[in-house]
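J.: Since the structure of chain A is provided, determine the placement of chains B, C and D on it from the hints.
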Amino acid sequence: MSIEKGTISSQQLLFLMAGFVQGSVLLIDFTVGITEHQTWMVILAGLAIAAPVVFSYVVLAKRFPGMNLVQINDMVYGRFLGKAISIYYIFFFMMTLSFNIRDVGELYITFLMPDTPFIFLLIVFTATCAYAVTKGIEVLARVSHLFVVTGMLVITSTFTLLTSQMDFSNFLPLFELPFIRMFQGIHIVSAIPFGETVAFLMIMGCLNKTEHAVKSTFFGLLIGAVSLLIVAVRNTAVLGRTQAIWTAPSFQTIRLIDIGTVLTRMDFLIGIAQTILIFLKCSILFYVLAVALSHLLGLKSYLPLVLPIAGIEVIIAATVFQSPVDHAMITQNAGIIYSAPLIFIFPPLSLLIANIRGLPKNGKG
Amino acid sequence: MGKKMKIILKCLLFFFMLMTLSGCLSAREINDLEIVVGIGVDKDEEPGKILLTAQVVKDTAGRASENGSEGDGKAFWNVSSRGNSVFDAVRQITYKTGNRLFISHNKAVIFGYDIAAEGLEEYIDYFLRAHEMRPTALILVAEGRASDILNIKPEIEKFPAFNIAKLVDSYVFTSNFYKVNMKEFASCLMSDTSAQMAPLVSIAQDEESNDIYMSGMVVFKRGKMVGKLTHDEVRGLLWVLGKVTSGVIIVPSPNGQGKAVLEIIKAKSKVTPEIKDGKIVIHIKIKEESSLSEQTTTENLADNKALEKIQEALAEAIRREIMLTFDKSRELDADIFGFGEMLHKKYSKEWKYIKDNWDEIYPTLDLIIDVEARIIKTDLLKKPAVPSEGEK
Amino acid sequence: MIFLILIYAFIFLINVPGLIKRKEWRELTAFSILYVIAFTLGLMYVLDIPIPSPMKGLQHLIVDILGIEYPQG
Amino acid sequence: MFGYILRKIRYFSLKNKNDHMLQNNEPGKDHNEPISHDLKKSLEVIRGILRGSSDITIHEFNFGHNRRYKGALVFIKGMVDMEAIHKNILQPLMYDSLLLQGNVDMDFTKMDTIRKNLISITESQKVTRLGDLLDNLLAGSSILLVNGSKEALAIKPGRRESRSIEEPGTETVVRGPREGFVENVDVNIALIRRKIKDTDLCVEKFVIGDKSKTDIYIVYLKNIANPKLIEEIRIRLERIKTDAILESGYIEQFIEDSPYSIFPTISNSEKPDKVAAKILEGRAAIMVDGTPFVLVVPMVFVESFQSAEDYYARPFLASVIRIIRFLSYIISTLGPAIYVALTVFHQELIPTQLLISIAEGRERVPFPAIMEAFLMLFIFDILREAGVRLPKSVGQTVGIVGALVLGQASVEAGLISPIMVIVVSTTAIASFVVPAQTDSGTILRYIYLILAGIAGGFGVIMGLLATLMHLASLRSFGTPYLWPIVPLDFSGLKDVFIRMPLWIMPERPKAIVWDDVDSYSQSPGLMPSPYKKDSNDSQ
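Chains as they are written, first to last, in numbering that gives the first Met the number 0: chain A, 0 to 364; chain B, 0 to 391; chain C, 0 to 72; chain D, 0 to 538.
Hints are computed from structural coordinates only; laboratory data are not their basis.
It cannot be assumed that every hint is accurate.
To be verified - A short list of chain A residues far from chain B (calculated; beta carbon distances all over 10 Å): (1) Q10; (2) V58; (3) L238.
Claimed, not checked - Calculated cross-link-like contacts (lysine-lysine; reagent style DSS-like; alpha-carbon spacing at most 30 Å): (4) B:K165 - B:K42; (5) A:K360 - A:K299; (6) C:K55 - A:K82; (7) B:K178 - B:K157; (8) D:K204 - A:K208; (9) A:K299 - C:K20; (10) A:K214 - D:K204; (11) A:K299 - C:K22; (12) D:K227 - A:K208; (13) C:K22 - D:K7; (14) D:K240 - D:K204; (15) D:K109 - D:K125; (16) A:K214 - D:K509; (17) D:K493 - C:K20; (18) B:K267 - B:K48; (19) A:K82 - C:K22; (20) D:K227 - D:K204; (21) D:K7 - C:K20; (22) A:K208 - D:K532; (23) D:K39 - D:K210.
Using N, Cα and C, we set each Cβ at its ideal position, and we do this for glycine too.
Extracted from the complex, chain A is given alone in its bound form:
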């Protein structure tokens, strides 16, 4: 009995996935703090690691058509353990959503509108996300290709505008980083932009035709990864050595665009494009959280939960970290470690168990 009656086509799934991954284009910055000019390698390695894992998500979803993560957990791990894992997932969604909301807040507080009260930004942003979520996943899916197109446009246009200031010798001392730094970088990249797509396990339930799911997920991931790569290459080429000292290097590169008297100081426009991309990611996460919670509590519809969850998320986002530096530090260490089992272990494990126990039995199907 899946609550969401909405159905999305596999093409829309592709754009949802691409928009989701693109949403964290600004977030690869704290991997830059660790991996400086090898960020592009880390992204490729992260993609290489994340691709099979995401592939396992899709196979799991195709194996249980029309069912979302909470139901799958119940069936695979039995009632009690299934509920525990689902709560673990819900906690993960809640935290990730609050990180993203906080990212928007920090983007505006440090760069664009420093004197606004922080909580005001969060409330307005979460309210708009809540409004989008009340419309249902169908509307988000239909609109997602607009976000992806704007994202790609912005990324490529900034790349072309900055070609004059690019110096491709900044990549040169390859493999200069110690292995532990590279491993941490790869872990971050595979966990944050790509790993969070575990949220799609909730959405793949309402695909109308599941045979193209694998292809569209793969392409969605690819578009997201390509945009991350373009940003990483652009940042390293333009900033070179100074990459490690800025709080948000990709924002700093945009501030360096200086063509004529008009095409300069464009950081606000890029900030807006960034807000739009994160808006899609937050709305998807918000929807996934609401549906997961309503499934856990066995409700008929997730709509009544939307506003209270919004209230909680705003407060969590406001208080979870003290400062952007604290945010970067914790997500680099504890953040990716606590989410590692969720992303890398549980889905393949439940796929394995499903194979062994020959689920889904038609009775409970």
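T.: Just chains B, C and D now, with coordinates in the frame of chain A:
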């Protein structure tokens, strides 16, 4: 009403409810903005304090017509204040201006000579960190006090800061100095080996009017000034960096009397460092195209042999300029060419050793310079208008 | 403080009458639980009572107790 | 206060049942008793019911062989063509030579015999119940009663007077047909019939409104329009129980998908060629008697940017104008908001020289930017409304005075900064470029302005995202409102931002048309090119 309508209504009302929140504090009306176009930083008499002068836009249009000629027609107002740090001084300016400074449109940051000599690294941090400060803002060093530079009223431009920005941009025509913005200065400051550069601006002390001119570059090592480069020395540096865009070279004409003056049209350089049996060699290959734009000798240069000879002389002149700059940098012991970074990129294994005692290694570098100069056109004249003695 | 009350009154006004009319008791209970949590969190935030951040707890759990962490610096 | 609550409760209790209309009219009102064969009695009854209206004329006459049959003709003076009555009804009845000789044995108590042999008007209808008699009488037909017969004959009026067909006021066109609809719905249907001469063109009649009994027609192409769409329209029309339908606007508000949205989901037009084009695309037109505005359903957001003229002109200029229309809609909604957001929140986006000149311009303006913008917009809206309401001659003066007051005087007085005047006037002009979306444009302009004043660019962006979500969730009779853009249908996209040449657009809009109709409205590959014999014709 239907469920859907209620949700739409609820979210819309929720949205407007929020709007009643204490409106946005970062709203600043345009007319209470103090638009800053130039900033000067000088040492103050009291030790440990700095004097910050900010050039603020004064809307003369409104005021001049209103109360006659009170303002002496100056469209800017150099307000200055003292503080222990740059940000402290910036904030204390509000005693005088009543509003916070609006730095987004700042064109240039000029450091006084005394502050540059003592060391910039303490004062540069605010200009990199302030969110309103643009990384594309120019950084300059003034000969004397920065506030004097900012006080001189330019003939054409309304604001001295715009005038300075225009002068700096004019490096393209002579390539005797070059533009350094905050980001470039910061990246050199960060690197362990490269020296930082900044254009030097000074006041020409002729009798009736004193105007500003760019008088070369200043070299810093880890933020501390170590020396100055004259125009020719900077040209040598630009040859190596490949940033020569135009400029004039004077070469003795082949038959000895008079000179041939050439305009550089295009120049490319390729620098490849190489470590051969413990010795670091830098191969510099420069391709240059120029045009014969003037000739004071009466000799007929419009034949291949003469042009060949001039091209060799040109190549020799360029090589001499580069060696001149290299000797000066060796004397200042500052890696202004950025060879250290190139070595870092190519030989990352040996880099640890090089980095530690770079100051000893740098003077021992030797350059192999290979210049290929070509004269591609002689503009309108083929032969000089002066009749050569032979034909008379 | 007033905004908090206003906002949460508004949320209450919009959802609860609908839920009661449609007799969705299960949803109503779930809604009210989350509503109370949200309200208390909001109250604590407005009254500047320090709210323990879950991530600090996680950090403490993972780094100090389990000792798994990447070398710093 | 107490009364108010009572009324509220009563309203809510009745709301769902909405058969409120049936209870409260008196039982005897719809007169379903049969007509009595005695002529005098039935005339008494008619006079009794209609004694209030003096324009009813009852003409009694005798006819037939030596005048032994008594008849009566009842009609409303203004609505009937007197000359037709004399020539076609009374003349044959009273002076027909055949009747006079008496050797004819027709039984005049049967209306059919009279209708078939005597009366030379085609449109007439036999009526037995008094209620029908009265309905027809009030609808403008003249009633023939004969003593001794239980039936009456209702003779429809011939040509009803209607306005001549002229160019519609709202949608003027440079190239293209100039004819517009008129108030008489029969003429409108004829106009459409002349455009679509196809047997599949169906016209379904509805009579809605207890008092007004307005004729409403749904016009659609049978095998192209989606039957579910037509069914949906029927259901929604039958649901309407109201006293009167005076204009198609009533219908629009009763049957639209989401009454709380500021965006119209039903388009209306006065031009038959535009309505015909939409019917051919699979839409259904709703024509209401008494108004030249015809509703077309379902509507898509992009339609308001398409004018009929785009398809008659060659594609290149049409595409440029189409892009200009989109830009001007954006300017008209976001213009003031962006100006305020830039000057108040994000001054670093403005180039330095411009910023200095704006600062000088705003030197003596007392209000904050948002107040100034609000004032200007408000005055502009007042002026626009005044211009529309006043008769043509006075309207021009309002425009001129407004421009003077807004432009010169307020700037000199230092109330408004010169650049704000420029911004608001461009917004004003831009808002006239897309007439179909003026209502949403005006409201959005104020909303975004408030958002810009409070949260600057961030507020505007959040407003835009909320509007986008709202638009994407809207449906108009089953078709997603942003159809070719949001569900991303490439074949539809050919006609949105730019208008591809006609021969590239053979497909019918998929989201509107029935799924198993053939998807080509014209044979594909009609690329016009000079005729080339396939052999070695000289190029």
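J.: Give a verdict on every hint.
T.: Status of each hint after checking the structure:
1. Q10: A:Q10 is indeed farther than 10 Å from all Cβ atoms of chain B, at 26 Å.
2. V58: About 35 Å separates A:V58 from the closest Cβ of chain B, which puts it past 10 Å; holds.
3. L238: violated, 8 Å
4. B:K165 - B:K42: holds, 26 Å
5. A:K360 - A:K299: holds, 24 Å
6. C:K55 - A:K82: Roughly 25 Å separates the two Cα atoms, so the pair holds.
7. B:K178 - B:K157: holds, 22 Å
8. D:K204 - A:K208: violated, 42 Å
9. A:K299 - C:K20: holds, 15 Å
10. A:K214 - D:K204: violated, 51 Å
11. A:K299 - C:K22: holds, 12 Å
12. D:K227 - A:K208: holds, 24 Å
13. C:K22 - D:K7: Status holds; Cα separation ~22 Å.
14. D:K240 - D:K204: holds, 16 Å
15. D:K109 - D:K125: holds, 10 Å
16. A:K214 - D:K509: holds, 25 Å
17. D:K493 - C:K20: Violated: D:K493 and C:K20 sit about 47 Å apart, past 30 Å.
18. B:K267 - B:K48: At roughly 45 Å apart (the allowed maximum being 30 Å), B:K48 and B:K267 break the hint.
19. A:K82 - C:K22: holds, 27 Å
20. D:K227 - D:K204: holds, 18 Å
21. D:K7 - C:K20: holds, 17 Å
22. A:K208 - D:K532: Violated, at roughly 49 Å.
23. D:K39 - D:K210: holds, 28 Å
The structure fails hints 3, 8, 10, 17, 18 and 22 (numbered hints given earlier, in ascending order).
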